[in-house]
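What follows is the residue order along each chain.
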Amino acid sequence: MSNSLVLHPAFVLIVSALALSVMRGKGRNAVILLAPIFAMIALWLLPEGKLWEVDWLDYHLTPLAVDKLSRLFASIFALMTFAGGLFALRRNSRLEIPAAFLYAGAAIGVVLAGDLVTVFVFWEIMAVGSTLVIWSANTTSAWKASLRYAMIHLAGGVVLFAGVTGHLLATGDATFSRMQPDSIAHWLILVGFLINAGAPPLSAWLPDAYPSASWSGMVFLSAFTTKTAVYVLLRGFPGTELLIWVGLFMVFYGIVFALLENDMRRILAYSIVNQVGFMVVGIGIGTELALNGAAAHAFTHIIYKALLLMSAGAVLAATGRSKCSELGGLFHSMPLTTICGTIGALSISSFPLTSGFISKSMISQAAADGHLQTVWLLLAAASAGVFLHAGIKFPWFVFFQKDSGLRPSDPPASMRWAMLLFAFLCVALGVWPEELYALLPYPVDYVPYTAAHVVTQLQLLLFSGLAFFVMLDYLKRTPTITLDVDWFWRVAYPSAARQAAAHWENLCARVTADVSVKAVTVRSFIARHRQPDGLLVRSWPTRSMAMWVMVMLLAYLFLYYLGR
Amino acid sequence: MSLAQHLPALQVVLPLISAPLAVLLRRGGLAFVIVTSAAWTAFAIAITLWLQVDTGGTISYHIGNWEPPWGIEYRIDRLNSFVLVLVSGMAAVVLPYSRASIEREIPRESHYLFYAMLGLCFTGLLGITITGDAFNLFVFLEISSLSTYVLIALGRDRRALTASYQYLIMGSIGATFIVIAIGFLYLMTGTLNLADMANNLSAIKSTRPVLVALAFFTVGVSLKAALFPLHQWLPNAYTYAPSAVTALLAATATKVSLYALIRFYFTIFGDSLVFDKLPLPEIMLLLSLFAMFVANFVAIFQTNLKRLFAYSSVGQIGYITLGLSFDSVHGLAASIMHLFNHGIAKGGIFLLVGGIVATLTTRQGIPPAPTFERLAGLAKQMPITCFGIVIGGLSLIGVPGTAGFISKWYLILAAMEKGQWWLVGAILLSSLLAIAYVWRFVEVAYFRAQPVDQVSRGEASLSLLIPAWLLITATIWFGFDTSFTVGSALDAAHQLMRSAR
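Chains X and B, in that order, are what the protein sequence lines are. Read in order, the letters of the first sequence are residues 922 to 1485 in my numbering. Read in order, the letters of the second sequence are residues 7 to 507 in my numbering.
Read the hints as simulated data drawn from the structure, not as lab findings. Hints may be right or wrong, so weigh each one.
[Stated by the list, open to error] Facing chain B, a subset of chain X residues (Cβ under 8 Å, in silico):
| # | residue |
| --- | --- |
| 1 | V1042 |
| 2 | S1062 |
| 3 | W1461 |
| 4 | L1474 |
Backbone N, C-alpha and C fix where the C-beta goes; we use that ideal spot for every residue, glycine too.
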């Protein structure tokens, strides 16, 4: 079906990314805004089912397959690309938007893939695209962070590839369908997926890498990698009980570190881990309601997290600061940003009439329905924690609290419109949840606005709000950086490596001194032989070639003589 | 008899006639037209033959209607129809490219000789591939070798002459060994027809003369195929030859020698002799591993881009012989596939490197070598060329989505079938070395600042870019649509393994 190939939404974005890398001026702006819309139209013109099938090696691949779940994720990705492109329109970088579009296109490619091989290919493109987005911040710390990020994701890709290969060899079937973690191959696939979701013990890549991106780059980054991971888990491993505990760990990990954190964008990065944790719990529960909840939460989370990061990005772009201890009182001069940021904050705390309320409550309800009391209690406690760290802490320290004396104005029109669009969506989804519920993979008979739900949630929020202001003194941050697991690769490994190197040098010195001057290190050996007449580079004289021919011939003759 | 029945003869005769015609015309332009049209016709014929073999099975053509085993037989089966497509296809792509490329690399008055030699060279290669007669094979081998020596010597760099001379000596040793082996076989079987020889040989397989023939043949062909450690002629020959010649040689010459090796091992000696009774698979495995690691490692430290990719060719030949040493259908298929996949990728890369050479400023009329310090920041000036080299490089590494991945995949499958997990690790490790040398190019071209004193230069001309990009596109194409490569290679492997049992 060449027809549908042309209209593959992922290719629309990837091709426009290639085009954007050479475009400038008004044409570029037009492509940035139109390409996601075009991708969205292309997506909704596709019927459901397997649309494009190819045979590759001995396997039957389906690079384009659409069902309700994949359409839901692809839609929010296209929408996110549009809003992110609009927000980043004025960003002065030739690399960032093409990289982000490549990244977004690959993410859509993953969710529209019907087989594991295609998933893997787009998975890797996604890793490349996101690394480029971080890189395009063009600072030294971003460069280093992008390398750490790329290393973890390439390692994750290798694990995933090993799993996919094992799966292909064992079953001969490439279809991406439900799996159980029952063989090494499937475990490897699960681990590969979880690394991208920001699961322990490697969660730290996320708050390490994302905040190093530019003020607009992080908006893109927040949406795609973790949510494609949620999608593949939804499709591949629904109802795997382990995921409940992994998810709960992520929920509390995010809360604790976000509360300790001082940098506003690192707070929001930790809260991504926390929110993805909710989704992973939903996937682990695995009932229809829970899966619906996880999918809906991914949808709404992309919107409000992007909104929060846009407001944080607007502050960063205007002030150049991102530490809570250096900000405050910005509501005087940035009223629109304050309002939008607050709507995002209310949404993430699941305030009734915002989008977070209608999605997160589905997961809690599923836990209650499944009689998972511990899970339900922990989720309720976590909801309060979310309000503490993201719902109040972020807007309070950035826009209110003490006056920092900064008086930046609201951002330019393109950024304002992007924020307004997502703020509107946050409220609209909260008020009319049916529109979103209709898109979910399973039929929904869940009603979010019952008196019990609303009252419980309001009580929860009220008391945690109270707690915040009572304990305000403890929560005031000092200008520090919090290291968690990334301590290992930011501090421990380098220092261990340095120590090892020191020991090694000692040893080498001793060996060289003790044994003889003849002992040379491999390094100097290679360096020496890279000279024009070195062993590695020089041309061999004809006679030595001829000698080798004789050696080979005699060796063969001798071996044949023996072997007979 | 209609023309269609004579296609096997025409496959060789047309290019063969084009060469003396080119000399007689003595005009570069006319010679170009003649040889190019011969190459294109040969390509069309090769595709037709491939289709005929695909539907109708093995074709046997008797030259001058002399019945084999007395007359010369051309025998086309799945394996050589596939190699014919590669050889004639490469000739058809390289010839149009060569016109603009040799403009600066070869003195104008010897252009017609260049075309004549190129015509002879691929005539010889096609002949080796198509013939079913041992002595005929030797004759064609000499035709292609002699013309190759001339082609390499045509390079303007003075070192081209030594490189060519060295290759002449080594090639002659190789050819002598091959003719000695054929002599022994003739002595023992009384026939030169390959199929007949295989029949007669089955009774006297482990006699000493046959084993000696096998040893001479293996060493002789290993030399021509640049199998480690007999590869030392190759880096110089590739580095100093004119760019178009390098591309043609890299994509076809060593590949055809490997074809001859496969043909003799499986069709004539039979694998029970080659693989079961003698320690040949172990030796070949060892040499392949050496090639994969040593040559790839040496490639990392080269400063001349052409030389870097020349060493990488030696490493890639290691993968091909590694597949042979498994003595299984998948291993053999991986080798045959890699012949093709590596041929197009390396051909494309060398054509692009030729484009870079064409834009370097000449010194006293001689284009300088593409060394890394001259390539710094190249991606800004020649983005299309550099991007193409990177894609070709990805195929050398074996990244999914490129042709190189497909053959490596089958190689890994074959290793797994044998339960040789450590070999899977070795294949992947050697790919890391390939990443390192490709990265060296990327680092220099994309991340290094352009030297201040360098004159800025533009993209290579379209007549150089289009043929090169045809091959690079083919690398991507055959990474996705594998029906031609994998289909042909698997069929050929099945056919060979059947005939060998």
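The hints, checked one at a time:
no.	hint	verdict
1	V1042	holds (6 Å)
2	S1062	violated (19 Å)
3	W1461	holds (4 Å)
4	L1474	holds (5 Å)
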